[in-house]
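Below are the chains, spelled out letter by letter.
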Amino acid sequence: MNNAKVLDFLKKNTMILVLVIVLGFFAWRTGGAILLPMNVSNLISQNAYVFILATGMLLCILTGGNIDLSVGSVVCFVGAIGAIMMVNLHAPVWITIICMILIGTAIGAFQGFWIAFVRIPPFITTLAGMLAFRGLSNVVLNGLTVSIKDQTTFVNLFGGGADCYIHDIFGGANLNLTCLFGGILAAGIFVALQLYTRINRKKHGYETEALWAFAVKMVAIVAVVLIFAYKLAQHKGIPTVLIWVLVVVLVYGYITQNTTVGRHFYAVGGNEKATKLSGINTNRVYFLAYTNMGFLAALAAMVTIARLTSAQPTYGQNYEMDAIGSCFIGGASAYGGIGTVPGVIVGAVLMGVINLGMSLMGVDANMQKVVKGAVLLAAVIFDVVSKRGGKMIVKN
Amino acid sequence: MAKILLEMKNITKTFPGVKALDNVNLQVEEGEIHALVGENGAGKSTLMNVLSGVYPFGSYEGDIIYNSEVCKFNDIKDSEAKGIVIIHQELALIPYMTIAENMFLGNERGQKFRINWNETSSLSRQYLDTVGLAESTQTLIKDISVGKQQLVEIAKALSKHAKLLILDEPTSSLNETDSRALLDLLLKLKKEQNLTSIIITHKLNEVSYVADKITVIRDGSTIETLIKGVDDFSESRIIKGMVGRELSDRFPKREPHIGDVMMEVKNWNVYHPLYNERKIVDNVNINVKKGEVLGISGLMGAGRTELAMSIFGKSYGENISGQLFINGKEVHLNTVQDAIKHKLAYVTEDRKGNGLILSNPIKINTTLANLDAVSTRTVIDKDKEYAVAVDYKEKLKTKCPSVEQNVGNLSGGNQQKVLLAKWMFADPDILILDEPTRGIDVGAKYEIYCIINQLVDEGKSVIMISSELPEILGMCDRIYVMNEGRMVGELDGKDATQEKIMTYILQSSGKREVG
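Order-wise, the sequence lines are chains X and U. Take the position in the first sequence, starting the count at 1, then add 15; the result is the number in our numbering. Take the position in the second sequence, starting the count at 1, then add 203; the result is the number in our numbering.
One chain only, chain X, in its complex shape (with noise of 0.2 Å):
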């Protein structure tokens, strides 16, 4: 073991540094208090949309820097025809999820068109669809707000309202023991199949991390499971909004590290010209971006307006901004090519983090947003200087 290799990894692993010296940070200043296991659960809960999202932008912002600036205007739109349709024209919860998804999936599909296809700039085609999709929740809403709180399947089922906790089958006293049985099995499952990998790539020869780089890293993340999973039996439990982006990360992650499309949008990202004339149809990586943006944007609709048991046309502002803050604090390139769903996971908690605890603090909101602003630019100045060998101006 030696420095270079210390400095790889510490490199390699500088956002997850950064997000646990701000955790300790916050809770010196807090006092403990943005640990206790109430704030642990509502981190989830109040940042859900953000991990939803982030998600989806990633895949925008890997075919080349792209970003989406309508999602929050979409996701308004979409919470909008949602309530509409539950409360005023009294459809079935079912029919009005489908509707939901299909309504966010084609706008994506619409802007994905002429992005891919017209190839009009992704920045002015999605101005363009934050301005109209903002109008059209207002007209489509009345400019009133349309309460959902009697819609309690709906509500339930993505976690919003007061029984937004999944139930402790075991019963447990003041320890929801689902939720700690649920984190161990979690935990056991990742060991395991990071193992049999590890393993099945020694079998045949090929390169593996250091020892103890790999038992680090295993050690770390059981840690983090377990306290995770603890703090939350010790409040309510798992929060149901925790299981979509469970889901979401787990399918995303796959698709984007294992599958022959994730493959396509990093090969898209990192040389354009190479990718179309290596056979890859590069119209289709652009299109599949923008329409997934407006299914998770639909999804990320449902989960806002469950857990505001609400309707209104000002709900999703500045989501866009959230998630691409996540994406490029979390390692994300802003040249595209470059960007993990997990590194953008860490961007996403790492802003909730720094929300929740200047809250805390009682740091005033405006100062919050400049805040926030500094390590956003500060984030993609590290990422492209570094990439640069460290060389901070360019010679004109």
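Warning: the hint list may mix true and false statements.
Said to hold, decoys possible - In silico DSS-like pairs for lysine-lysine, Cα to Cα no more than 27 Å straight-line: (1) K291/X with K544/U; (2) K587/U with K291/X; (3) K206/U with K366/U; (4) K288/X with K517/U; (5) K27/X with K555/U; (6) K493/U with K456/U.
Because the hints were derived from the structure by calculation, they are not lab data. All of these numbers come straight from a predicted model, not from anything done at the bench.
We have chain X; now place chain U onto it with these hints.
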């Protein structure tokens, strides 16, 4: 005797792994037109880039003495301040700006915060008159022909008070009439303003028409300087200077086993994607046989890459017409996917720009064109992918610590091998290799030649596009010569010589009708 305006002494310039210029000496007298000739890659453009400060002082060895003083240019601005202006082969005009705006770009008239548009247009009018261009100064560049754009470039150079004008292949995209007009303009400026020019060109008839002296560069060294009225200015004399080099044992031997025609291209026409009236490939008919290494020789800009890319799933050009037969059956390859399906591969000349994803590891680049072969129902088998990459790394002797290494960190030769591996893994029957050895060292070249021989021994067909004549002669069973979009000659590999190829090219240059 006129005074020496410019003297370049013992200029040596090395790029990583390649010595582009080796002790080059050049003397230019005031008021003369000096022609630089040599094959592609001989170092002409590099020499002019050294002179104009594109490669700053310190990045080369030797001295530039201009107007009797030693110059140390840090960038183009420095050399322009002295009156040395270079006009590049690719015109540097901005299409959506007017002639006047382009002419004073970076050199705006008036004050910093208030451009004097009246002065701009009246001055540009004056320079346009000097070069004999009757267009309005307010015409957009995109609306005038390439020939006129070339004149705007010269006017722009004059507006910078050029004393020494460097023109890099100014007539390569011009027809006969426009070329002649441009050369006459140079002669006129020489007579009226005592303007000195250095002109790089491949068209030897132009050289003998316009030049007072000719310097021949070959393999990064000056070979000789011919003086008008003293030396023989005939084309054959110049060609001898350009190619006078022996073929040594740089190419691995191979017993050719040539079979039936594998692919045939008939009446192939391709137009420029932006300028739809410009014909890039003009009625080309070629075929390649099984087990054959077919060479396509020609100068840069002859349309070889465009031909190859238009065949490869119409990746280049507009209004492509013609017929394509593979194994006797007519095929329509409208996308790259189609081309790959019909077992065609195109290995680009621009490995960094069009070939590889530099920020990705070797293994990902290796499988990119044939991901399906390492995946089941779209799920990639990463272990298999790794095994494939290692296999090709060993087969092609790619030098790298591991296949997890990013391609951007490899040397040019090893990058080229990864690119070859990528296309070999796509399992093609016909490989089009576009400048497969550009910018790589001699050792790696030899290894690439061995791979090519191996491929044809397996019964594949290889079409090799190359600007290096020795390589074409050393490797190919049959050679087509392409120039200005047309096939101008076909030679059997055994009786081909550099002189024959150059003669084909030079005799056909500038003969094309305006179209």
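Quick rundown of the hints versus the structure:
At roughly 15 Å between alpha-carbon atoms, K291/X and K544/U fall within 27 Å of each other, so this suggested pair holds. Between K587/U and K291/X, the direct Cα distance comes to roughly 24 Å. Compliance with the 27 Å bound is thereby established for this hinted pair. Restraint check: the Cα-Cα separation between K206/U and K366/U comes to about 13 Å, which is no more than 27 Å; the hinted pair holds. For the hint linking K288/X to K517/U, the alpha-carbon distance of about 14 Å falls within 27 Å, and the restraint holds.
Taken as a hint, the K27/X and K555/U pair is honoured in the structure, with Cα atoms around 25 Å apart against an allowance of 27 Å. Between K493/U and K456/U, the direct Cα distance comes to roughly 18 Å. Compliance with the 27 Å bound is thereby established for this hinted pair.
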